[in-house]
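J.: Here is how the chains run, residue by residue.
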Amino acid sequence: MRRVTVAMSGGVDSSVAAFVLCRGGDDCVGATMKLFDNGDVGIPRDQACCSLDDVEDARAVCRRLGIDHFVFNFSDAFRRDVIGRFVSAYERGRTPNPCVDCNRYVKFDAFYRRSRELGREYIATGHYARTEFDEASGRWLLRRPVDRNKDQTYVLYSMTQDQLAHTVFPLGELTKPEVRAIAEREGFINAKKRDSQDICFVPDGRYAEFIESYTGKEYPPGDFIDADGAVIGRHGGVIRYTIGQRRGLGVSFCRPMYVAAVNTADNTVTLTPESGLYGSSLSAHGVNLISRETLESPVRVTAKIRYSHRECGAVAVMTDADALRVDFDEPQRAITSGQAVVLYDGDVVVGGATID
Amino acid sequence: MENRFVYADNAATTPVSKEVVEAMTPYLTDFWGNPSSMYSKGREARRGLDEARETVAAALGCAPNEVYFTSCGTEADNWAVKGGARYMRDKKGRTHVVTSKIEHPAVLRSCEALEREGFTVTYVNVKPNGVVDMNEMKNAITDDTAIVAVMLANNEIGTIQPIAEIAKLAHERGALMFTDAVQAVGAIRVDVGELGVDMLSLSGHKLNAPKGVGALYVKKGVRIAKFLDGGGQERMMRSGTENVAGIVGLATAIKSAVERLPDMERVRKMRDRLAGFILGNISHTIYNGDPDLRLPGNLNISFEYIEGESLLLLLDLAGICISTGSACSSNSLEPSHVLLALGLPAEKAHGSMRVSLSHLNTDEDVDYIIEKLPPIVARLRAMSPIYPGDDKQ
Chain A
1 MRRVTVAMSG
11 GVDSSVAAFV
21 LCRGGDDCVG
31 ATMKLFDNGD
41 VGIPRDQACC
51 SLDDVEDARA
61 VCRRLGIDHF
71 VFNFSDAFRR
81 DVIGRFVSAY
91 ERGRTPNPCV
101 DCNRYVKFDA
111 FYRRSRELGR
121 EYIATGHYAR
131 TEFDEASGRW
141 LLRRPVDRNK
151 DQTYVLYSMT
161 QDQLAHTVFP
171 LGELTKPEVR
181 AIAEREGFIN
191 AKKRDSQDIC
201 FVPDGRYAEF
211 IESYTGKEYP
221 PGDFIDADGA
231 VIGRHGGVIR
241 YTIGQRRGLG
251 VSFCRPMYVA
261 AVNTADNTVT
271 LTPESGLYGS
281 SLSAHGVNLI
291 SRETLESPVR
301 VTAKIRYSHR
311 ECGAVAVMTD
321 ADALRVDFDE
331 PQRAITSGQA
341 VVLYDGDVVV
351 GGATID
Chain B
1 MENRFVYADN
11 AATTPVSKEV
21 VEAMTPYLTD
31 FWGNPSSMYS
41 KGREARRGLD
51 EARETVAAAL
61 GCAPNEVYFT
71 SCGTEADNWA
81 VKGGARYMRD
91 KKGRTHVVTS
101 KIEHPAVLRS
111 CEALEREGFT
121 VTYVNVKPNG
131 VVDMNEMKNA
141 ITDDTAIVAV
151 MLANNEIGTI
161 QPIAEIAKLA
171 HERGALMFTD
181 AVQAVGAIRV
191 DVGELGVDML
201 SLSGHKLNAP
211 KGVGALYVKK
221 GVRIAKFLDG
231 GGQERMMRSG
241 TENVAGIVGL
251 ATAIKSAVER
261 LPDMERVRKM
271 RDRLAGFILG
281 NISHTIYNGD
291 PDLRLPGNLN
301 ISFEYIEGES
311 LLLLLDLAGI
321 CISTGSACSS
331 NSLEPSHVLL
341 ALGLPAEKAH
351 GSMRVSLSHL
361 NTDEDVDYII
371 EKLPPIVARL
381 RAMSPIYPGD
391 DKQ
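Those protein sequence lines, which keep their order, are chains A and B.
Under the working numbering, residue 356 is the last one in the first sequence; the count climbs by one each step, no gaps.
Under the working numbering, residue 393 is the last one in the second sequence; the count climbs by one each step, no gaps.
Okay, chain B solo, but in the shape it has when bound:
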């Protein structure tokens, strides 16, 4: 097969779609007014902003005034966790937070920040398939719990959590329920009513909108501390002149993403074909996560006796973009906290590969990965000082 460029890291980011660029462009070139300005130039921008809020609300199954735009998913996570916890502390005297061990760093580090403010945080374990231990969850939530924060779908292993059940437990104890849906929106059906959550975060660049825009759903009647002080935008809660073009892009992208959800079945089949090939043809592999309770495009496999970084770099030379459990970003040094939480030993967590496919991937992409991956794994194992050979299991 000819050399291709295969982008299979859609959990990291996605390309901005042409229709999103086209929807955004007028807001950069013509409708560049400040949406808070009263004159017509401002009103043009305001219209785009209002329509975008309606579109996002429709996609999530909520009302427009429950949608707050942010600068990214991380900001939405920070706001929800810290703003929810602080409000509950100040008004209700609650000083306890419950979360899971496999949350995104935006949530985990926010929880640690709350610990430094005097909160106690319970980090609930997950089962080996990556689903939170519901017994532990039930016991963790108390009458002192301010907020429960559990992600809807995990960014590394794609595991989908029973958020509706957890929300019920949280509400029985009078706690707020927040879910980080950054990976889920656009990949699976996300309806805030069905989930029963008080807050939900999402990010534009995971669903073919640009970087620099995200949103937080806050259910009507739920009070949290405001995030940015200033001119009073986003209903006084998150000041700062709105990123109108980005927000319009996000709205356009989320609408399309919801409309093409049926196509994710095709993505799921591609993913499963790749998984089947790898597990059937490459020895010493471990399937991480749950095969069913899983985002359709996500695949996470550990290759024993291989370092994920080496695999990533060699696949890159072949034109394939994936990511690895030992993330090679300069500030992420540890073996994946998610894979460790599944009970995987550190050396196996190191040799993990995350493939995240999207609707833009094709069967030819999967064929190409299937062609390129085995010789790369074989080459790395041949150079590994600890590889015992293919015969010994």
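Chain A with its partners taken away, still in its complex shape:
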């Protein structure tokens, strides 16, 4: 019998994950991470606190399952390792994926450690993904889930062998409709709760406003330039733009223009027609490999450059101890600095890194 701490957000997925494990005979407790205070992230303090509601939902599900529920306060780690990185990436003209950082620094680090402190060697989450021990290579593998539409392996690429060996993904074999059906059948309070969208600490999706209020800084306007460096308009501050963006440029051009680069050094933003967005190669750093120990010689993979990206065939190779180069079979649209590139071998995650 495994002793497991289930990370429960209060949402339907992690609730059903807890249910599946309890039914399977694992010794479970539920725990909800408190990651931020509404007031700190620009949600009005007196507004019915949505994150507090989430805690209550998780607690209610645990009560129904007859298991203990805890609240772990990781707001310091979250502020430092997730919000801090998010803001600083935007300030450097990159487009971060805070879910990747939250998994790496909070869920599979602070939360996992807390679980072990409590004498529970395993953690479980409601991610749609599967793990498997591969006898041949002696390595733990991260595999895509049965429900391809919900595949969340992209945000899990940073998991280490130790983390994979001690993490359970009970939803890997289920589809989302099956999960919802279980929640309804079991009468979970959150059975009809909508899936979370956007970034949890910027629920309205207004990143620039969040960053300004978080840092208290102003990000001065500058020039839009074209590929040749000619000034073609004024932008409203570098943090407002991400590669591939077309809406909200505030300037109209005779043909659709997109953000091709955010240049913090001279406070300019390069625009391009769509054709200029395509690139056939990328370099990345902060490499984590899962299915293999090294990637010294080129291998064929499929690669994904953002969560919703339709992956593309590519050849990947490590160019030094912590750097990766990926050459795509076909040019890819909007390769974005700060996002993760994740490499797959069929169902199996080979590894990933942060795009330079």
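Do not rely on the hints blindly, as some may be mistaken.
[Claimed, not checked] Some chain A residues judged to face chain B by a derived CB distance under 8 Å, without partners named:
1) 76
2) 113
3) 114
4) 116
Treat the hints as calculated values from the structure; they're not laboratory data.
Note that beta-carbon positions come from the ideal geometry of N, C-alpha and C, so glycine has one too.
With chain A's structure known, arrange chain B on it following the hints.
T.: Here is chain B on its own, set in the frame of chain A:
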């Protein structure tokens, strides 16, 4: 030692004593009338209510008509701070409030509510031992100050404040003086005359009465805005049919608490033995608060390289209930504002442990904590990625 259950979080709440239950029971089963009713069924309840008010007044050293019953300590705090400030604004045009940085949230949030109404609030700093900075206090109080609100004893670090001196400063400027005595009543001698305050709040469940009952002392002649409009109970100031059984419970509990104050010396000795053990035997520890100006049962220690939540959960597995500076309640996320106000860095505030002993604790309880705590601290430090080892200080 065998496994025990050790409840050492008496600052959070206390068990209802048997004598309190026995005193309350007739008011639930037989004397259930509405104390405002004229007939005998009502008069039975009225008698219990009146006697309870006399008992509470005697315990505080005031007159019965200076005691107003509320539903909890938080309500009493809200009423005193907001009611006092609003009255002084409406009658005297004063729009300034003085409080300390280490008040209970019931007072701090009330002050913030007043700020939204247009009051300005001065939050006075405390010294590293947790006692308010009296120079700053003196300068903070002005002729525009409506009310000064400073707690008698702090809920996290137990520090006892010089309320009589602060009251003098407040009165020199014509301001009201309120003290939150929720933690103090039952733990130390509390006499409203000696303290010289205009208002004082207390709570039943901190002294072995049930939850859901509290009281506010309002000195005769002091006017504050009323709190609940309605049928005119509590001398028109706080309407709502009285919680007679709870109030009787509170009175029974406060009487006993005052009578057993001499026993708090035993509690103090247990506390000091525990403090001495921890500081002498566990490295990288910080004693928070003042050793002398302190509630007898309160101990607050930070364990560096440990998260308070982990410590709390592992002690719980061993059967020991304590609380931590990074309170794990779902709506309290920040490191303790009290420990931060002492100048403790956030990471050290996170690894803090509050033990609050009461007369119900025994030497065996302390022995048990002394047995269980060191290996838990060692285990957590062994798993800490930042712990440098026992040798390096």
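J.: If a hint holds in the structure, say so; if it does not, say that too.
T.: Going down the list of hints, with the structure as the test:
1. 76: With a minimum Cβ separation of about 7 Å from chain B (threshold 8 Å), the hint on residue 76 (chain A) holds.
2. 113: 6 Å, holds
3. 114: Status holds, d = 6 Å.
4. 116: 6 Å, holds
Of the numbered hints stated above, none is contradicted by the structure.
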